[in-house]
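Asks: Once you have looked at the hints, place chain B on chain A.
Residue numbers (the working numbering), protein chains in the order written: chain A, 5 to 394; chain B, 5 to 394.
Nothing false has been slipped in among the hints.
Within a straight-line C-alpha distance of at most 30 Å, the following computed DSSO-like cross-link-like pairs (lysine-lysine) qualify:
| no. | chain 1 | residue 1 | chain 2 | residue 2 |
| --- | --- | --- | --- | --- |
| 1 | B | Lys59 | A | Lys348 |
| 2 | A | Lys139 | B | Lys348 |
| 3 | B | Lys309 | B | Lys373 |
| 4 | A | Lys247 | A | Lys230 |
| 5 | A | Lys123 | B | Lys348 |
Source of the hints: derived by calculation from the structure; they are not laboratory data.
There are 2 protein chains.
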Amino acid sequence: MFARFWRWHIDVPGFRFELVATDPDTGARAGVLHTPHGKVETPVFMPVGTQGTVKTLSQQDLRDLDARIILGNTYHLYLRPGEDLIAEAGGLHTFMGWERAILTDSGGFQVNSLADLNKISEEGVLFKSHIDGSKHLFTPETVIRIEHVLGPDVMMAFDECTPYPSSREYAQEAGERTLRWAKQCLDAYDGYARKSLAGHGQALFGIVQGSTFQDLRIRFTEETVKMGFPGYAVGGTCVGETKADTWEAVETVVEHLPEEAPHYMMGSGTPEDLVDGVMRGIDMFDCVMPTRNARNGMVFTRDGKMTIRAARFARDFEPMDATCSCYACQNYTRAYIRHLHHVKELLGLRLSTIHNVHFYLNLMREMRKAIVEGRFLAWRKAFLQAYREE
Amino acid sequence: MFARFWRWHIDVPGFRFELVATDPDTGARAGVLHTPHGKVETPVFMPVGTQGTVKTLSQQDLRDLDARIILGNTYHLYLRPGEDLIAEAGGLHTFMGWERAILTDSGGFQVNSLADLNKISEEGVLFKSHIDGSKHLFTPETVIRIEHVLGPDVMMAFDECTPYPSSREYAQEAGERTLRWAKQCLDAYDGYARKSLAGHGQALFGIVQGSTFQDLRIRFTEETVKMGFPGYAVGGTCVGETKADTWEAVETVVEHLPEEAPHYMMGSGTPEDLVDGVMRGIDMFDCVMPTRNARNGMVFTRDGKMTIRAARFARDFEPMDATCSCYACQNYTRAYIRHLHHVKELLGLRLSTIHNVHFYLNLMREMRKAIVEGRFLAWRKAFLQAYREE
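Chain A on its own, in the form it takes in the complex:
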């Protein structure tokens, strides 16, 4: 193993992506994303904090879990409490009381999936709020303004998340529109001198669409990279396509991305997805799975998933995962957590969430260590042998 050091290839105040090691056998990379709100070791999983809070956790819980970066949703924060209120608080970090890094998505996924009505035009997306039915227009410029005001460390360009399945014609049309919007986002971003309203640097990531069409994926990747973003995301995966299609798209995109830029796979996934994404050179992930599943009584262990609310755990006085060092496993039994879920006590949701987020973050730390020590494939084999999806 040897370490290579890269300069951040696009100049953003306070940012640098340092590539520390590359696995000799695979595309897996270990790095450090330096942000104005601290260092983020990659590969990294970002817990999802949709409405300015990672559901059921306090910011102290997140620090105890050693989360270095969390995700916020622009669509939700724009609707409630509104970006102006957050600006008045001094930005999202101050509003939440979270001094570590934040990434916000662009709302491109939500305006198409959550909003009651949406009308896509060259200008942007007209949508109705899922809360009160009020009408709103998201354009590349408005989204960049909102993200500038919210002040995350990493902001995502406004894109159209191409649905699956899509015709080649539609995927091409939507992907080309996303390219034009990406340029508009970049111009708006440069207009703010690549800084948040609060004054710190922000890194804008471009998003590559193209659905399952590899030639489109290649062309859209090349066009996006030409524009020169500080980082890049694979978009439009995990929307219903097969795993084979997912990884084909990821491989195609990553192959055409600059090695020195961070690579982000949006909205993925299961523990196995994270392992397989890392193997293909992905540095950043987010997904609601660990937090949402926890609230439904599903927890992750080294052996696979476990339905903690199941009756068979009623008299099981072992920890959820005997190998786990999280607060829940160190202090409470399956029987107690099962009881809490059974009688609908909120502590059950929180303990399960703490465990699942720990599982995901720890998985990333283990992978990083294996990459740095040049034994990623062996680690992957051992992990997948023990871990069995239900």
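Replies: Structure of chain B alone, referenced to chain A:
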């Protein structure tokens, strides 16, 4: 000021109630209740942990708040998860992962207020579960067996909480039945050698009924004291009667209780109630108010109650209470907590609960200090001048 020391007047393994100071101007007392699970400084407020958890809080949260004793509900724990399961875990302390003191009530209040049907006889109370309608019989012996198995440090005798208003005849009949049940409870308790199934000492408290009839209150107090309990509770208050009636009953009962025993006022109350109860010689309190109100977005401050979910706090970037040292006030603003309540995020419920429980526990600590320093009346005046109920 001078300190007086009392021996625990009834022998229970591992228990002692130490009276440290008595306010020269009022009946207010400062003491220490020594239990097999640590020292509890009195006067004390016990957060309510109905189903083996103080709603929204972890046991670490409770330790951080320096709660020394919490309350569990026998009725709820009997129904779910069942006392046998808790026994298998090693008792309620082990089941919950809570190594400090616990008090359980006897279910006397719940079987009359929560259960769908109840039929009171000399034998006990036949009731239908509020969960599945199944029929159950609580007798003095079954309740003591359940409390012996659950293993709290303090257990309450099975009583009939006399409703308000009651006729003199009914209050007399119910109070005399409660006396007979008290004797049966004491016999069952002695049958277990005053110890839990797990093997530590347990203190059984007697409960005095009598509704608003002072001669009944006096007679029932005297009869209960004659039986010789390690501690005593005023029951049947805060059930709809006027404040004047409440305090008349409390004064009457406390006057006839042994000074050397702990005095517990069940189910009370507002911050003002705690102050006024302490002034009359009450040592122990419990109430769902701080936790339940928190979940409804109502928080306590030195100035009085505050509806934190109100729109007027949307852009208020001050802490809930600027004088408060709790985790919520030290780290989050009214605007953020209001947002969390507004968008129904669980962290809002927990932060409000942390604050309210801190408020209650801190109120008790302040009162204790004032008693020890012989300035309780001056403290009370200052507190009530600042604190205004809405």
